[in-house]
Amino acid sequence: MAGSENSSGGGTVQYIQHHLTNLCIGDCDPVTHQAAGFWALHLDTVIVSSLLALLIIVVSWSLGRKLQTGAPSGFQNFVEIIIEFVDKSVKDTFPGHNPLIAPLALTIFVWVWLMNFMDLIPVDLLPLLASYVGVQYLKVVPTTDLNTTLAMSLTVFGLIVFYSIKMKGLGGYIKMFLFHPFGKFFIPVNVVMTAIEELAKPLSLALRLFGNMFAGELVFLLIALLGGAATIGAGLLYILPLQVILDLAWLIFHILVISLQAFIFMVLTIVYLGMAHTTDH
Amino acid sequence: MNITVTLLAQVVAFIILIWFVNKVLWKPLSSMLEKRSATIADGLAAAEKGKKEQELAEKKATQVISEAKQQAAEILSQSQKRGTEIVEEAKMQARKEADRIVAAANAEIEQEINRAKEHLRQEVANVALAGAGKILKKEIDAKAHAALVKDLAAQI
Numbered sequence: 001m002a003g004s005e006n007s008s009g010g011g012t013v014q015y016i017q018h019h020l021t022n023l024c025i026g027d028c029d030p031v032t033h034q035a036a037g038f039w040a041l042h043l044d045t046v047i048v049s050s051l052l053a054l055l056i057i058v059v060s061w062s063l064g065r066k067l068q069t070g071a072p073s074g075f076q077n078f079v080e081i082i083i084e085f086v087d088k089s090v091k092d093t094f095p096g097h098n099p100l101i102a103p104l105a106l107t108i109f110v111w112v113w114l115m116n117f118m119d120l121i122p123v124d125l126l127p128l129l130a131s132y133v134g135v136q137y138l139k140v141v142p143t144t145d146l147n148t149t150l151a152m153s154l155t156v157f158g159l160i161v162f163y164s165i166k167m168k169g170l171g172g173y174i175k176m177f178l179f180h181p182f183g184k185f186f187i188p189v190n191v192v193m194t195a196i197e198e199l200a201k202p203l204s205l206a207l208r209l210f211g212n213m214f215a216g217e218l219v220f221l222l223i224a225l226l227g228g229a230a231t232i233g234a235g236l237l238y239i240l241p242l243q244v245i246l247d248l249a250w251l252i253f254h255i256l257v258i259s260l261q262a263f264i265f266m267v268l269t270i271v272y273l274g275m276a277h278t279t280d281h
Numbered sequence: 001m002n003i004t005v006t007l008l009a010q011v012v013a014f015i016i017l018i019w020f021v022n023k024v025l026w027k028p029l030s031s032m033l034e035k036r037s038a039t040i041a042d043g044l045a046a047a048e049k050g051k052k053e054q055e056l057a058e059k060k061a062t063q064v065i066s067e068a069k070q071q072a073a074e075i076l077s078q079s080q081k082r083g084t085e086i087v088e089e090a091k092m093q094a095r096k097e098a099d100r101i102v103a104a105a106n107a108e109i110e111q112e113i114n115r116a117k118e119h120l121r122q123e124v125a126n127v128a129l130a131g132a133g134k135i136l137k138k139e140i141d142a143k144a145h146a147a148l149v150k151d152l153a154a155q156i
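Quick mapping for you: the protein sequence lines, in order, are chains A and B. Take the first sequence: its letters are residues 1 to 281, numbered as in this note's numbering. Take the second sequence: its letters are residues 1 to 156, numbered as in this note's numbering.
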């Protein structure tokens, strides 16, 4: 394994480092396995998120074929609850009507939730299984990869720009940059301020989700290290139960975090797009 | 942590997923939900309508019943009136009949009395003739004096 050369103090760092390294193909550093340039593909991120996307598609496709118009039962009930929850969020925060917003919000909520959910799978399980089939690096949670969160927030940003221009017109959009916070006598300041404001939207969306998930993953890793540090010796007797309790506590708390982050991403997307649809300022 | 081509891959995946979710999940389900809410609204409206109709029918039914009751009472009173009329008529007829019978009987009695008187007169005339014959010691020819006897009888 990669972490075997320095054993004592470096072991922990190596362990964490190893867990936070993506399965990189293409333009990668051969020693650290970090991406060295733009043309490096994080294969694990793409595969896991695509599998989850496929899961959504297959499940909803098989559900859509046997929809019950009457009293729903079982899984359909559950899906209807999610759909109505998203629909209500959209109706509460989005002014006007746009048929794209609700499916977009639904996609974000479900997909982000599922990707975050990968965090709840024991941190060592999937990398261990992968190492048996020869995959040395595996970072399971796609939302701990900034590429994923930034990809979504940039798509949302693209939609914000598109709808801003569509609703306000190109002139209106430029005017928003020129005159927005301080009126017409501070045009350079206004441009800088509005640009920061606009760019902060996708950046804050992406970094919030990434930061939360990355930190959560890190805490899981640290809790996992607790047992790993005491592999030998009698300390195992009380460290192991402590680890289990801590892990369980963080797990339960994290269920809240992943749902909340998915919800926040969804709601902020709706709010930003709603702002793009209003024609004032 | 580097931004790599993964970003583009994820953008593509995201857009494809949005498209699929819209097509296979959102559209069929929201149209189904719309259909269901329409069905429920229709059902409620129908129930409301049915209730109103029932109320109307009940009102009509009570009206019909009260009308029928009124009619029945009318018919009853009419028939009672008619009954008393018939009885009255029958009584009148009976009385007339009785009067007639009595009158006929009276006439017959009168006739009988007259006949008896005639008979008696005859007898008296006969007795008188016989008495007179005895007095005259000679038989009077009844035939010869028939006119006399008749006259005598009429005088009695």
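Bear in mind the hints are in silico, worked out from the structure with no lab data behind them. One should not assume that every hint holds.
Claimed, not checked - The list that follows gives simulated cross-link-like pairs (lysine to aspartate or glutamate, EDC-like), each with its CA atoms no further than 20 Å apart:
1) B:K23 with A:E84
2) B:K60 with B:D42
3) A:K166 with A:E198
4) B:K96 with B:E112
5) B:K23 with A:E80
6) A:K168 with A:D124
7) A:K88 with A:D124
8) A:K66 with A:D92
9) B:K23 with A:D87
10) B:K27 with A:E198
11) B:K35 with A:E80
12) B:K35 with A:E84
13) B:K117 with B:D151
14) B:K69 with B:E85
15) A:K168 with A:E197
16) B:K134 with B:E118
17) A:K184 with A:E197
18) B:K27 with A:E80
19) B:K35 with A:E197
20) A:K91 with A:D124
21) A:K88 with B:E123
22) A:K91 with B:E34
23) B:K27 with A:E197
24) A:K66 with B:E123
25) A:K66 with A:E80
Comparing the hints with the structure gives:
A hinted pair counts as satisfied when its Cα atoms are at most 20 Å apart, and K23 of chain B with E84 of chain A qualifies at roughly 17 Å. Between K60 of chain B and D42 of chain B the alpha-carbon distance is near 26 Å, which puts this suggested pair outside the 20 Å criterion. For the proposed pair K166 of chain A and E198 of chain A, the alpha carbon gap of about 16 Å is at most 20 Å, so the pair holds. At most 20 Å may separate the alpha-carbon atoms for a hinted pair to count; K96 of chain B and E112 of chain B exceed this at roughly 24 Å.
Distance check on the hinted pair: K23 of chain B and E80 of chain A sit about 16 Å apart at the alpha-carbon level, within 20 Å; holds. Restraint check for K168 of chain A and D124 of chain A: not satisfied, since their Cα atoms lie roughly 51 Å apart, outside the 20 Å limit. Between the alpha carbons of K88 of chain A and D124 of chain A the distance comes to roughly 38 Å, so the proposed pair goes past 20 Å and is violated. This hinted pair does not check out: K66 of chain A and D92 of chain A have alpha carbons roughly 30 Å apart, beyond 20 Å.
At roughly 16 Å between alpha-carbon atoms, K23 of chain B and D87 of chain A fall within 20 Å of each other, so this suggested pair holds. About 31 Å separates the Cα atoms of K27 of chain B and E198 of chain A, which puts this hinted pair outside 20 Å; it is violated. Proximity of K35 of chain B to E80 of chain A is assessed by CA-CA distance (about 14 Å); at most 20 Å being required, the pair is judged to hold. Of the pairs offered as hints, the one joining K35 of chain B and E84 of chain A holds, with about 14 Å between alpha carbons and a cut-off of 20 Å not exceeded.
Proximity of K117 of chain B to D151 of chain B is assessed by CA-CA distance (about 15 Å); at most 20 Å being required, the pair is judged to hold. Distance restraint check for K69 of chain B and E85 of chain B: the Cα-Cα separation of roughly 24 Å exceeds the 20 Å cut-off, and the hinted pair is therefore not satisfied. Taking the CA atoms of K168 of chain A and E197 of chain A, the gap is about 17 Å. The hint holds against a cut of 20 Å. Of the pairs offered as hints, the one joining K134 of chain B and E118 of chain B is violated, with about 24 Å between alpha carbons and a cut-off of 20 Å exceeded.
Straight-line distance between C-alpha atoms of K184 of chain A and E197 of chain A comes to about 18 Å, which keeps the hinted pair within the 20 Å bound. As the CA atoms of K27 of chain B and E80 of chain A are separated by approximately 12 Å, the hinted pair is consistent with the 20 Å bound. Straight-line distance between C-alpha atoms of K35 of chain B and E197 of chain A comes to about 42 Å, which puts the hinted pair past the 20 Å bound. Only pairs whose Cα atoms come within 20 Å are accepted, and K91 of chain A paired with D124 of chain A is rejected, the gap being roughly 41 Å.
Our distance criterion of 20 Å between C-alpha atoms is broken by K88 of chain A and E123 of chain B, whose separation comes to about 139 Å. A C-alpha spacing of about 15 Å is found between K91 of chain A and E34 of chain B, which places the hinted pair at or below 20 Å, so the restraint holds. Distance check on the hinted pair: K27 of chain B and E197 of chain A sit about 34 Å apart at the alpha-carbon level, beyond 20 Å; violated. Using a Cα cut-off of 20 Å, the hinted pair K66 of chain A and E123 of chain B is violated, with the two alpha carbons roughly 133 Å apart.
In summary, the hint linking K66 of chain A to E80 of chain A is supported, as the alpha carbons are separated by about 14 Å, within the 20 Å threshold.
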